[in-house]
Every structure is written in C-alpha cells, then in structure tokens.
Amino acid sequence: MIRKGNPEDLEAVLAIWLAASLQAHDFIEPTFWQSKIEDMRNRYLPSAEIWVYEQSGAIEGFCALQGDILAALFVDPENHNQGVGSALLDKAMECSGGRLEVCVYERNSDAVAFYQRHGFVQIDLRTDMRSGHVELVMLHMRELSDQADRDATALLEPS
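Residue numbering for the sequence shown follows the UniProt record's numbering, beginning at 1 and increasing consecutively.
Derived by calculation from the structure, the hints in this document are not laboratory data. By construction, the Cβ of each residue, glycine as well, lies at the ideal position given by its N, Cα and C atoms. All the given hints hold, so there is nothing to weed out.
For each label pair, taking beta carbons as the anchor points, the in silico distance ranges come out as:
(1) L14 x Q55: 16 to 22 Å
(2) Q55 x L125: 31 to 37 Å
(3) G132 x N81: 25 to 31 Å
(4) M129 x E38: 14 to 20 Å
Taking the hints into account, I'd like the entire structure generated from these sequences.
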C-alpha cells in the first residue's frame with residue numbers, strides 16, 4: 001500500500017535512504033552518505049511531499065517529490081525487484097501532473113536503466129558539486145510517452 005508519509009515514518013525512511021544509497025552508490029565513500037543524514041532529516045525530507053510503500057506494517061520504500069521533481073526514490077535493498085520502486089514511481093507520476101524530472105548518478109546504471117524502462121529520457125548532464133560525480137538529468141512527460149506509444153502502435157498495424 002502506498003500512503004502519504006508522516007513524521008512517525010522518518011526513522012524508517014532515513015534507514016532505507018542510507019542503506020539504499022550505500023548499496024547503489026558504491027563509487028562514493030560511505031562517509032559521504034553518513035554525513036548527509038542530518039541534512040536529510042532536517043532539510044530535504046521536511047521540504048518534500050513524501051510517499052511511502054508499506055507492507056505488513058513495514059515501510060519498504062519511499063519517494064520524495066518537490067513539485068515536478070522526483071527528489072528521491074529509494075527502496076530497502078531487501079525489497080528490490082519486487083515492484084516497490086515501480087509502484088512508487090507511478091505514484092510520483094500521478095502526483096506530478098504528467099511531467100517528472102529526476103537526477104541520477106551516471107554510474108548508477110541500475111537506476112538509469114530503471115528510469116529508461118519507465119519512459120524517462122536524458123535531457124542534460126551535470127556534475128553534482130557535493131559528490132563530484134556526474135549526474136544525468138532525466139525527464140518523463142506523459143504526453144510524449146503517450147504519443148510514442150501511439151506512434152509505435154501505428155507502425156505495427158497493417159496498412
């Protein structure tokens with residue numbers, strides 16, 4: 001079940017963020033992520049719209065939205081490849097009104113592939129000044145995705 005996050009979820013969300021960040025970003029020193037916990041707790045999460053994926057009373061993942069920007073989407077590493085991330089991404093797209101932007105580290109190939117599978121395209125490339133690593137700016141626009149689906153269907157239909 002996906003529901004709106006609340007203050008009682010904060011510790012579970014932070015634990016998922018740290019565990020998933022350490023796993024997905026093994027090219028960045030663990031101390032970098034550990035040093036960002038208080039920023040996440042006090043700045044980033046409070047300024048975002050948080051949605052959590054909860055199963056049997058346990059939070060398995062979350063996403064954080066700031067308007068049409070997906071600021072975070074993290075799944076507990078024990079729950080990867082079970083549809084949690086896809087469900088959260090669907091919720092984020094629903095909330096964003098059809099346009100959703102995300103930044104993902106270029107070296108996080110699993111995340112890049114995940115977003116591409118869901119119709120995101122790269123629109124920019126930049127260096128994250130905090131970590132020094134290259135990020136891809138990716139965009140999903142429902143209208144473009146719907147048009148691409150119609151175009152593909154038209155190509156497959158017999159004349």
